[in-house]
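Undergrad: Use the sequences and the hints to build the structure in full.
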Amino acid sequence: MPRKDQGAPWVRTRLRTAPVSAVAFALLVLVTAFLAAVLPRAVEAYETDGLREALAGASPESTVLELKAPQPGLEEPDAARADAVLPEALRTVEGSARALLPEPLRADPAESAYGVRTAKSLEALDASLPRPDGLPPRFTVLAQSGAAGHADVREGRLPTAGTSVTVDTRRVEGAVTTETARVLRLRAGSELTLAGFQDRPLTVRITGVLEPRHPQRSYWSAEPTLRAPALASGNARPPQFYWEAGLLLAPGAAPALLGSQGEPEKYWRFAPATGGLTSGDTTALVEGVASLENGPGLVRMRGAAGPVAQLSTGLEQVVGSYTATRDAITPVVAVAAFGIAAVAVVVLMMSAGVAAARRDTELALLRARGGSLRGIAGRLLAETAAPAVPAAACGLLLAVLVVDEARSLPAVLGAGAVALLACAGLPVRAALAHRRPRAHQERDDLAHTRPGRRRAVAELTLLVLAVGSVAALRRRGTSGGSGDLLVSAAPVLVGLVAALVLVRLYPLPLRWAAGPAGRLRGLVGFLSLARAGRSAAAVAALPLLALLTALTTAAFGGSVLAGVADARDRAALLETGADARISTTDGTPLPAGLARAVGEVAGVRQVTAVGIEYAAERESDEAESLPVAGVEPGSYAELARRTGLGGFTADRLGARGGVLDAVASPEVAKRIGRSPHRIVLPGGAVTVRITAVRPRTPAAPEGDFLLVDAAGLKDFGAPSVLLATGSGIDAEALRTAVSGTGAGLSVTLRGEARAALSDSPLQTGAERIYVWAVVAGAGYALLALVLGLLRSAPERAALLARLRTLGLTARQGRRLLGLEALPLALLAAGGGMAVGWATVGLLAPGIDLDRLALPDASGGTAPGGAALRADVWSLALPAAAAVLLAGAVAVAQAWWAGRRTPITHLRAGDMR
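For what it's worth, the numbering used here labels the leading residue of the sequence shown as 865, then goes sequentially.
Treat the hints with care, since some could be wrong.
Cut-off 20 Å, straight-line C-alpha distance, at most; resulting in silico cross-link-like pairs (SDA-like, lysine to any residue) [what the hints assert, rightly or not]:
| id | residue 1 | residue 2 |
| --- | --- | --- |
| 1 | K1578 | E1659 |
| 2 | K984 | E917 |
| 3 | K984 | E925 |
| 4 | K984 | E930 |
| 5 | K984 | L919 |
| 6 | K932 | R916 |
| 7 | K1534 | D1568 |
| 8 | K932 | T912 |
| 9 | K984 | Q1125 |
| 10 | K984 | A953 |
| 11 | K1534 | K1578 |
| 12 | K932 | A963 |
| 13 | K932 | G1161 |
| 14 | K932 | E1129 |
| 15 | K984 | T1057 |
| 16 | K984 | P936 |
| 17 | K932 | T1057 |
Hints were generated in silico from the structure; no laboratory data involved.
TA: What follows is the structure, encoded as structure tokens:
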């Protein structure tokens, strides 16, 4: 048989030797690669959803792109003018203009339309039409395409136009919507006479009443009065109202509008197709709209629609508002991303360190026998790449499957970076540790290691970066998108600096405590402190670094979420003033028996009735602008105290010597003063004296107010507002009880208002990223603690074996390992809490949470804004979990070692 000169393959042999370690390493790389790949995809996904919802939620009037051109010139023949506004000519222009829309802007053909309209509404001369203030209604007349595909005929038929419609035609057919027909009392067969024509009025015979299929979409809502009429007023004082409505003609009847004085114009409305837009398209979208409104795009549009055509839209304002919110949220989310990334890097380094420590003797032997650093590093690289690269690829694939609509490049770069770090960790650690062949293992404990100059320079550099990032964040903040990478990394840098400081100080308290412990009768306390002080520098430094970074990120993230929740709770409370608010829509008194019906609803604990009237601040004033709330002092004072909205004692309201005591807002107190003041209510004049000033109150959470005892007012109106408090109020039962007492009542629940503040994809997506970042960071930190304990596990097992031969009991062994792990865990927990609290305090002035907490916020939606404050639970729970896990791992290790015989750990020549 031929002789085999080559041994077994290195990679296969090493993986078979330690299959459990290889599988665990692959799982770590898979999870880390998945997180690195899914994070940018998740961020892009919720930003894309936010953009699409912002466009879908905006009014079609502000998002539609409207290309307009004036009617054909009067110098042209009437036949040519009529041909220019016929559907065929307009359709040709529409196709050309649609093709000229720049990327990524695309039109939705189903909701786009074109036609001819009167820029000024025409007055209807029919006396049978409703006239609110004696003014006749006015109609905007549109000859718009596509009515058959956007409406159902409820009465009559769609209007048609014969081939004989010209500029001089004065009788055409039209249609109105069901809402217009209801308000203006029209039906099929009605005739409208519209003024504004030179020779005689235009008569429009209503042939059909139409029900819009999608009334909120662009076809019907781009022209608001086309869907439903609205009251309008002129410049008269007092204002006089009239109805403004829309009237739909057949597209072929457009020539008849050319003879009117309503400034007829051609138009092409393009509803934007939002289904294909992503968050990365915002810049190109704004630039494209700017070009269409006043740039090269407009020049091209004029080539299709005419030399004086204009394009107008409010799309850039909608996108700009979305961009401002996104740019304010992104730096705050980046803080969480930096935190989880830092902890993940430390854990990957620790996994490489554990593997290098486990094979230190093997690698030293290879170097002593002539192995080159390049050869050893190459073999270790191949060994780690075998499980790491497929695991990273699986993590990337899993991220793509979880979040399917996002760009692939950021995810590929993230997963690739994880794979590179995982593959290079062990070879680099081994090459650094075995630069020179050595005969024995050198001491590397905290008591022996002395920091070198390079470490000092690196630590000082990190300190400068941390100070600079904190200063920049406090000065510039994150609002308006001003945050950069250094600013977003501020919490992580603060945690790193604190970890380095604690590593330097860690041996000192252990040495101080070891002396008194040595004088005790027991051996366990002294031995545990001595061993904790002689822990390997890498065993203490890296877990401490990971724990502090994770605890700082968790504290910061928990504080962000707590600040967001507080701001939303406060905003919801200011909207309702209590847990539930029932009021009439027009300020009229509430029905009798409503308070009793509301009090019987499940979950309602207290019902407080409030009557609100308006008074003149002086007898000479004609305007009644001061809101006066008449309340029952006892129940209302309890309500104000319970809700935290300007609490006061009941004795602040009452009557003394014909003067009513009152509680007022600061502005009211400033205007009328603290001395007795006479105001005029609808029921008569009354003298009030302000006894307390509060910034807000449940009856009027925002704005001016004056609270008085309702019993002291004569002819004061019945209550118009009910404020209910309680927990778990049944919303459906409450609305049923309210609807059973009368109509026209408004019911607002604090819980529903609270839920409405957090339904934006940008907000919910950012919160979800923060929650998962905190959870992942905590998981990585605990894994780092376990890895640190596993690195020294063989040495601890050997120590227990030796001590057991000397008479150490199993219980003492568990105490020894538990106490040995306790100093590091306590240092990490205490340091993490302190650093988390300090980080929140340092960075709070520069963190803008308003846009993350409240929709359409600009920094002051909630009183005082959404303030960042240290959350006790976010500080205490992760720290306590770290201490408990450290103790549990140490006890489990002692239990496992106790199950094996000492001879298993003690072998001749073993230097452990």
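Undergrad: The structure should be examined with respect to each hint, and the outcome stated for every one.
TA: These are the hints, each one checked on the structure:
About 89 Å separates the Cα atoms of K1578 and E1659, which puts this hinted pair outside 20 Å; it is violated. Taken as a hint, the K984 and E917 pair is broken in the structure, with Cα atoms around 33 Å apart against an allowance of 20 Å. Taking the CA atoms of K984 and E925, the gap is near 17 Å; set against the 20 Å cutoff, the hint holds. Among the hinted pairs, K984 with E930 is consistent with the structure: their alpha-carbon atoms are about 16 Å apart, no more than 20 Å.
Proposed proximity of K984 and L919 is contradicted: the alpha carbons are some 28 Å apart, above 20 Å. Only pairs whose Cα atoms come within 20 Å are accepted, and K932 paired with R916 is rejected, the gap being roughly 26 Å. Proximity of K1534 to D1568 is assessed by CA-CA distance (about 11 Å); at most 20 Å being required, the pair is judged to hold. Under the criterion of a C-alpha separation no larger than 20 Å, the hint pairing K932 with T912 is inconsistent with the structure, at around 31 Å.
Only pairs whose Cα atoms come within 20 Å are accepted, and K984 paired with Q1125 is accepted, the gap being roughly 8 Å. A distance of roughly 23 Å separates the Cα atoms of K984 and A953; the hinted pair therefore is violated under the 20 Å criterion. Proposed proximity of K1534 and K1578 is contradicted: the alpha carbons are some 26 Å apart, above 20 Å. Between K932 and A963 the alpha-carbon distance is near 17 Å, which keeps this suggested pair within the 20 Å criterion.
Simply put, K932 and G1161 have alpha-carbon atoms about 14 Å apart, close enough for the 20 Å limit, and the pair holds. Distance check on the hinted pair: K932 and E1129 sit about 7 Å apart at the alpha-carbon level, within 20 Å; holds. The straight-line distance between the Cα atoms of K984 and T1057 is roughly 16 Å, inside the 20 Å bound, and the hint therefore holds. For the suggested pair K984 and P936, the alpha carbons sit about 17 Å apart, so the restraint of at most 20 Å is met.
Between K932 and T1057, the direct Cα distance comes to roughly 27 Å. Violation of the 20 Å bound is thereby established for this hinted pair.
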